[in-house]
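Two chains, each in its own frame: build the complex with the hints.
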Amino acid sequence: MTTLIAIIGLGVLCLIFEIFDFRKAIIPITIIGLLAILGLTVSEFNSPASYYNNMLIVNRFSVSFSSLFIVLTLFLVALSHNFYENHQSKLSDYVAIKIFLLSGAVAMVTFGNLAMFFLGIEVLSISLYVLAASSRMNIKSNEAGMKYFLMGSFASGIILFGICLIYGAMGSFDIVEISEMSQSAELPIWFPIGIVLVTIGMLFKIAAVPFHFWAPDVYEGSPTLTTALMSTLAKVVAIATLYKLLTALHADVNYSFQIVVVVISIASMTVGNIMALRQTNVKRMLAFSGISHAGFMLMTLLSLSTSAGSLLYYTTAYSLAGIAAFSVIIYVCKNRDNEDIVNFHGLGKTNPLLAAILTASLLSMAGIPIFAGFFAKLVLFSQTIQAGYLVVVIFAVINSIISVGYYFKLILAMYTKEPNEERKGKPFLIYAVALIAIVLNIVLGMFPSLVLDLLA
Amino acid sequence: MNVSLILIILLVGAFATYLAGDKLASKVALFFGLAALGCSIVLLNHFNLGENISYISQWITLPKVSFALKADGLSIAMLLLTTALTSIIIFSSFGNDYKNSKAFYALILFMSFAMVGTFLASDGLLYYIFWELSLIPIYFIALIWGNGDAEERKKAVVKFFIYTLAGSLFMLIAFVYLYQKAGSFLIEDLYKLNLTVAEQKWIFTAFFLAYAIKIPLIPFHTWQANVYQKAPTVGTMLLSGIMLKMGLYSVIRWQLPLTPLAAKDYMFIFIGIGIAGVIYGSIVALRQRDLKKLLAYSSLAHVGLIAAGTYTLTLDGFRGAVLQMIAHGFVVVGLFFAAEIIFRRYETRIITEMGGIRSQSPKFTSMFLILVLASVALPTTFNFIGEFTVLYSLSQINIWFAILGGTTIILGAYYMLKMFQHVMLGETNSKLFADVTFSEGLTMVLIIGVLFFFGMYPKPINDLITPSLVEILKVINRV
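Same order as they appear, the protein sequences are chains U and H. Residue 1 is where the first sequence starts when you use full-length UniProt numbering, and the numbers rise one by one after that. Residue 1 is where the second sequence starts when you use full-length UniProt numbering, and the numbers rise one by one after that.
Same shape as in the complex, but just chain H (with noise of 0.2 Å):
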């Protein structure tokens, strides 16, 4: 099977939602999402044959491009995460009335197209464009249907735009200098260069700001709460659940393999800086009285874990960080859909102002829970098992990394906690809260089976992805 047929589809997906009109844009867009996502399980079973999934063809001769996708492991779960994300955010997005939602639903299409692209590619240039691409729709689905007073919404999401095309455009100059020295922007032949210490410390650095704005890591993280805060929920969730993490594969995918001397060197500085996100966004979530803007700061200190665990160089940083980033993707969307239902409803994202939705919808309050503990790692979880596996992999390094890393799970209970107590118990709140309706109960069950399947039974998973990341770790060190 031809694996760009899954890009096609999203693409005319994207095009044939515009076209359909606003009042059927938003199921054209889910079936499209469906599709795609049906055939990325396709492709899965392909893979799990045995077949080699790749496409190439030659696409500009001079400078040498290729049009080059492959999918391995771990582009095959970066890309059943995207595609089961997306149809779920569509979905998700259902019960809100969009203006213009034609032009809504096709952007999240086209980012969708645009995210799947970076988790395939492989020719250095086709990854950077689709990278690039996926920027264009979040910025206007931002910009036009976000929330709250334009002139500040305006400001955080200008912020944004020009924080990681900066960003990106150094990533860029690494790419065009590996270029010049290998003739060719192809994967492979980017991994058998020989470069000198110094030129990797360079080229580390540019990927690294190019990743740490993305992810975010501190002290690049000034864009991310506003924005989340300002993005309508699909937007957020959008770059909390999917975008962030192609900061994140790109760096065992790009970043570590072709500068893993200049790794190995700075090895402690950067786990150090993921460490300090941890600590740093779990302190700043228990002071905030914004719902998104505290689910923002648990999203700052969850992924500064997986980033430590990626910087290690280990098999098990490695695992537990590609887990950590499917669970977290999954449960950080669960939690903004639930800001959202609750917005929905009370028309507020500010925790003081809600209370006492327990005593009017049980059924709510018990999922929002069990989002809660996911979050927090409670065992059985689906994130229990990356997050444990990240701590271990830390504690290989030292001691200490794990025992600061570990206080994401004590601080991130108690902002949490703290949270849910004022959101969901407490006095009754005087505003009537309906009870969820069923395509919101749908999405919610959807999202806590995954998380429970895959925290009692991550081995398939684990089975997908291990061996593409031994194969990468076999790159880093082969010197």
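Looking at chain U on its own, in the form it has when it is part of the complex (with noise of 0.2 Å):
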């Protein structure tokens, strides 16, 4: 609850800094706020409570799901300062838009009632819209943001006209009552329909197969930073907003429902890995392999009454990996007018450094030992074949390894090919944050309990 006050109050703040002048205070003054902000957070962790009529709930859920956005925001806001280094007198609307988006994100995990949910969403899509065309004289990134626009605005008809029936069902928006209430033996039909109409929803902001085609077109032309944004942060809210929505309305106990995630999860994992191995731009490329992990995340919507623990360190394991490698192609890609594999090659030799975290974190996504992304897929597996789905984990299986085929084929360009041409600069925040977010996803490595014990 705090929380929230303090992101947006964070974000007006930003606003004013334009106003007078402060422009180069603002990034700064954003990441010790938003690091006061986690710690604010964090210390709700053992406190749950309940405010204005239970429109927002903190629990250990939110809680540790907020603190996982916040950090994202910070990785963020941190890569800002060196990507808009031209865009120097548009810098706060850029901060401010990722604050409030922020600001979305926190609410979507905390709500106690469907109205919030939807503001929620709101907030987060449309911060998002403005993101991905925030290029103004790109044409693909215009592109972009009016795709985008298009689709994700149906979705959120959908998601509201979902939300529509649950109440006709139901006649409360309120998330307590309608849990209570589903657990009833005669339920309207129009109650499971909303839930497959939100579902769908939910599934294309988290662009799984079949509502994925927008993903790849609007990953690449954004600009990489929202790209970032995108494919880390806004993934992981939404799989954690379905998880927990889904989860107060009691939806696992459907059997057809189960069989429908089974086959969106198996087809989201091989179409994305299927369509990453024939792309040469490392955007798009990361979009599939998005889209892959998303199939690999929604395996937890098998057994949800125990899978809190694994989402949380699965979305932490994957955007780490995911902030680390941005940042690399932040780094690589600037002024640049394409993110083609060519402008990796010879990485290795120029820079050293930044080329062992870009393999580092691919590693950790294609799920090698000793990197988060093992243990995620581990506890995944583990969890999955105990709700007795080992179809689904031989697919996963079969996926690690088709996914190996296009991480390596990033790995390869940078360490076999020839370097064509010599980097200047060696930004710090960049550095900073490359080489603390893959830290972070190896220490969690070396101790999953870390995280995994949290929700248990």
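Rather than coming from a laboratory, the hints here were simulated on the basis of the structure. The reader is advised that the hints may include incorrect statements.
Said to hold, decoys possible - Example chain U residues on the side facing chain H (calculated, C-beta under 10 Å, incomplete):
hint, residue
1, Val-12
2, Lys-349
3, Leu-353
4, Phe-381
5, Gln-383
6, Ile-398
7, Gly-405
8, Tyr-415
9, Pro-419
10, Leu-429
11, Tyr-431
12, Phe-447
For each residue, glycine too, the CB sits at the ideal point set by N, CA and C.
Right under this line is the structure:
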């Protein structure tokens, strides 16, 4: 609760700085502010509470995911300094939008009422539409923003329709009341239809097959920092919210629902991976890789009551690796007109540290031991086998093998090709973000209990 | 003494080597390699005094994973093999100049760390992590410091990586499944499971995929020859000398005791696969023009026989397999090193471009001849004992297995001696062959010394490994 107010306060502060022309102070102040908010959020971990007639419910789930979102935003804001170097006059807008986006994200995992849930989605989505189109002079960015807006608002409409049907069935927006009533034997047909519509809307935001068609184009067209945001923060927010929503609605008791999750999960992994194999643009490749990771994350929906911890761990591992990878991409592709794999040739020779970081983050995504990505997959597999879905796990393993193919394409390009040109400058913040993110990833790999036990 | 000390030495050694800079890297690496060897000898002494060498601490609460290491005779034998060969391999590469050598030697030590961990781990997941971890350094060693055309090398190395990773992921599923049954990854708890035959067959197959690719057995061997040829000699030595032993060791330690019923049902099939590897490897070796490829295929033949020995499920089969694993480890490292010595002088690995070395360097020729004879299991060499024991155990199962497996000696003698003839004898080559340097000679003499010593006096190793093999056989025969 206080978290949400503080975040919005910070966003407004950013805009005020613009008015008084304190642009240089924006990023340091925002980073300090976010660190303070992180502390504030963590302090609420052991004190669950609800506010405003259950509009917001703070519990361990919401606190731990909110903290993850704040950490990710911290990284993204730190990267902004270098990324928007040439757009100093609009810096406060870009940062403020990210902060408001964070408030939407926090609202989405803290909601206790479907109205709040929808509000959160809209705040998040609208910020994303703006960020996607934020490179005004670039036609691709405009295209990405337009595409994302059209498809996204359509999905929002479907979610809203689903919420209406749930209200029609239950006569309430309150998640606790709905949860209690949903366990009764006789439910109106509107209720499951409502769940399906909301799920479809959320699957769109997650970019799961078959609702994934927007992702590659939007990822490729958007400014790289926005792509980083979409593929880490936005995806994690969406899957966490979907998880929370479905847990509250007791969706997993329904057998046909489980079948649908199995099919979507397998389809996302497979389609994402096979498409990624053919990409030469690194952002597109990571978009497809993100689709396949969405398939992995959806596996948690098969054992809703026990898998909160593993979802948190998987999303943390995935997004930390994503942040590290994207910081290297931002560094390498700065002032280039595309993000083709050619740009990465010989990075292992010209810049061994960043090449090692990118390698480590790709290995983590591929699920090689000692990186957090491995334990994330292990825990997920273990839980899914326990829930009785060995088939999904076998598909997941085959997909992990396929994914090595394209992750290694990038690693090979860095280490075996001759460098094409030297890059000047060593931007401190990019190095710091990449290094901290990957170190956190490895630490979580060595001590998975740190995160796994939070929601146990 | 804490058994994890040896892992710490190797890991710290890897970092220290990287920090030491390009000039000092090789010496620092050798220092830590020798320290690890010393440490494992101390460990051996403690073990011989009857101490229980193990270390366990809780690592992850859910799923329940422990950092559990345990050394029995078998593990210590493999530990000694790994640390001794790592030191020899590092020493043998002193004659080469590698670009960015700090990273190169750090990766060698890191790989040694992972392999030692694999041999010591007594928790399934910890074992799996070390198993996978050993793949990353060899991937980069082969990729960055390898030889030949970069594109072809890339293809070969990536194929190797994806193959081995694919195999081991199936092993991971098997482990996760076993964990669901037992509630723990500890090897003692897994040994106690009573699985149905159908379950065992699935798990056996999953393990088999991982091990057959790593060892490699036919038909999963297609990555091997190309990677051996393209990798730098150090990488080839690590792969053939130690890494493939991880697969054979794991068959004895994990696969057979966990799935004894399936192993008994499938026994003939898998002995057959091993022996098919012997014959196939020997015949293909006959036709090779590249010295490293020839050695790769001969290695395929030898490990086929070792694998056949393990799948007999008899004490003799196990003992012969372990002895032969150690013997093969030394001899194959020696042979690849000899190929490297020739390459340093002739800049070629094509057999027909060599010749006439004998008249220029009789010392090198005699050392090479001893290694060749050891590899074809001449009596008084260590390999003879290993190979003979394995063949004996095969004859207990079915005399035909022993006869077919015995072709390894006949065909082996044929292709190895033919190779020797082309490489060493014949007309004097126009190019000059400088005599072996002191360090090259020392490496060869060390390897030959080990082969002869244990060839004539195998009792220490026999006494070391037999009790633990008997224990494992007890677990296998519990039902």
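Can you give the numbers of the hints that this structure goes against, from lowest to highest? 1, 3, 9, 10, 11
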